[in-house]
Amino acid sequence: MNQFIGFRALLSREILRFTSVFKQTLFPPIISSFLFISIFGYFIGRNLTMAENTPYLTFLVPGLVMMYLIESSYQNTSTSLFIARWSGYIQELLVTPLSYVEMVLAMLLGSMVRSVVVSAGVFAVSLFFERTAIMHPWVVLYFMFFVSLTFSSVGLLAGLIAEEWEHISILTTFIMTPFIYFGGVFHSAQNIPHLFQVLMQFNPIFYMVNGMRYGMIGVSDVDFKISMIVVLVFFSVLFSVVVWMFSQGYKLKK
Amino acid sequence: MTNALEIKDLVKFYGKRQALNSISLTVPEGEFFGFLGPNGAGKTTTIHSITGLAKYQGGSIRVFGYDAVSDYRQTRALIGFVPQEFNFDPYLTAEQILYYEAGYFGVSKKEARRRAAQLLKQFDLYTHKELDYRKLSGGMKRRLLIARGLVHEPRVLILDEPTAGVDVDLRKKLWVLLRELNQQGMTIFLTTHYIEEAERLCKRIGVIHQGNIIALETTEKLIEQLGKHVITISLDRRFPEIPRELRQFGIELAEDGNTIRLTKNEVHLNELLKAIYAQGLNVTGIDTEKTNLEDIFLGLTKEK
Chain A
12 MNQFIGFRAL LSREILRFTS VFKQTLFPPI ISSFLFISIF GYFIGRNLTM AENTPYLTFL
72 VPGLVMMYLI ESSYQNTSTS LFIARWSGYI QELLVTPLSY VEMVLAMLLG SMVRSVVVSA
132 GVFAVSLFFE RTAIMHPWVV LYFMFFVSLT FSSVGLLAGL IAEEWEHISI LTTFIMTPFI
192 YFGGVFHSAQ NIPHLFQVLM QFNPIFYMVN GMRYGMIGVS DVDFKISMIV VLVFFSVLFS
252 VVVWMFSQGY KLKK
Chain B
7 MTNALEIKDL VKFYGKRQAL NSISLTVPEG EFFGFLGPNG AGKTTTIHSI TGLAKYQGGS
67 IRVFGYDAVS DYRQTRALIG FVPQEFNFDP YLTAEQILYY EAGYFGVSKK EARRRAAQLL
127 KQFDLYTHKE LDYRKLSGGM KRRLLIARGL VHEPRVLILD EPTAGVDVDL RKKLWVLLRE
187 LNQQGMTIFL TTHYIEEAER LCKRIGVIHQ GNIIALETTE KLIEQLGKHV ITISLDRRFP
247 EIPRELRQFG IELAEDGNTI RLTKNEVHLN ELLKAIYAQG LNVTGIDTEK TNLEDIFLGL
307 TKEK
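Each protein sequence line maps, in turn, to chains A and B. Residue numbers for the first sequence follow this note's numbering, so the first one is 12 and each next one is one higher. Residue numbers for the second sequence follow this note's numbering, so the first one is 7 and each next one is one higher.
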């Protein structure tokens, strides 16, 4: 058996899944990013500046790119895996010769494709309002790659743990969204009270948003190398946990 | 002959409840094996242990000599699994279901397309290939499920109650298909609720009850060993009890007083009839009945 063919088939199925429902998976983030950029960035933020006197629109775009990258990654894997469990389709996968690592990697990479397409779409929308050159493309690619894989792993965990649809949205509403919004998507740490500046240091999304902001416009509240390490550590831990849970058959095998 | 399946001392717990109590069975290559048992007996648990859907706590499973845990890639490639429930990928069409399934088993794109088309034709699904599986009829879904189990060309096909809830016509068509597959050399491991199905199709039968194998024999021998002939003879006179001269035949007298019933494996009907006539009695009716696998199955599972 050619293992690469099996892995490629699952990856291709994962991509087919989200493209077959593109109106639900690709359009909404692009439309809502257009609203954020136009209302907050262009209408309200025209005369505002953030850290290092950066125009607000310029400051906002990297935050939005990262926010939608995180959301798309999480939504893709959590939905895909939960539906697979709910419909029983996961059994079809579990009886194939694919290893757990191959299954997890195919799902993560499929999710990465979606989140990269979405964040590229968000960036493309921003170009209608402001032409921004990307200052450090490799840093941008690094954060896109690892943040996407990190939150795709979080999505897989949610997809494994959830017993009902509600559990997926509870995690989004009560954990993901507050962490993202307080992670510096819309504001700099320099513009908030000291207590909140300290609290932000404990939010991993703060490092991800600032890493992306550094890569795109060269501005960051934290040294981008620290952000890189934080992201890598989070990814390594979450990926290992997901693979271990799959190998244990947690909520997959009887 | 190689063994397609070798299950040795298989133990499975669900929490504290023991679902399989050290069961062992072997299925030689090319055999049509029937695995029977009432609900909750351990049939599906056994199948799930073989296919990798359940973890077991003791014993071993070998598929064509490969261990189901340490050599799982080989064993899974050798097994085609047809589950009881429809568990199709909800995002795919009938054709894509087969195409992707082949891919998961390492079949190249070109070959996967060829096999998908061939199976769709063989199972009368080709004209519906573009349809979302939810739009297929129950019978079509059942056929698609079997086609999916075959797309990677396994050597042993495991079917978990494939004809449950299927109409008589489709059931018979599926029987023909399974027989053909078996004649082509495929080993078939079938669980079913329909005893008639097992009797007609299976060469050998295992009966599982409360996690224990309580019978494992060829269908023929099982019926021969445990089956009975029942002969009912109606007489032209009533008796309060069995006439003394007929007692040696071990007959029973029915409540109506003029019907006698003989239950024996070896029936000496001639001797019995001679004795009846010697008593000056006349036979008004005679009926013979042979117990089928269903009676044997019910007897076995009731006794335990």
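These aren't lab readings, by the way, just hints derived from the structure by calculation. Check the hints yourself; a few may be wrong.
[Claimed, not checked] Straight-line Cα separation of at most 20 Å, EDC-like style, residue types lysine to aspartate or glutamate; simulated pairs: (1) A:Lys34 x B:Glu167; (2) B:Lys115 x B:Glu101; (3) A:Lys265 x B:Glu101; (4) B:Lys115 x A:Glu177.
[As the list claims (entries may be wrong)] Which chain B residues stay away from chain A? Per the calculated CB distances, all over 12 Å, these: (5) Gly64; (6) Arg82; (7) Gly86; (8) Lys115; (9) Gln216; (10) Leu279; (11) Gly291.
We put the beta carbon where it would ideally sit given N, CA and C, even for glycine.
Hints, one by one, checked against the model:
no., hint, result
1, A:Lys34 x B:Glu167, "39 Å, violated"
2, B:Lys115 x B:Glu101, "13 Å, holds"
3, A:Lys265 x B:Glu101, "30 Å, violated"
4, B:Lys115 x A:Glu177, "38 Å, violated"
5, Gly64, "16 Å, holds"
6, Arg82, "5 Å, violated"
7, Gly86, "9 Å, violated"
8, Lys115, "8 Å, violated"
9, Gln216, "18 Å, holds"
10, Leu279, "58 Å, holds"
11, Gly291, "54 Å, holds"
Violated hints, listed in ascending order, are 1, 3, 4, 6, 7, 8; each of the other numbered hints is respected by the structure.
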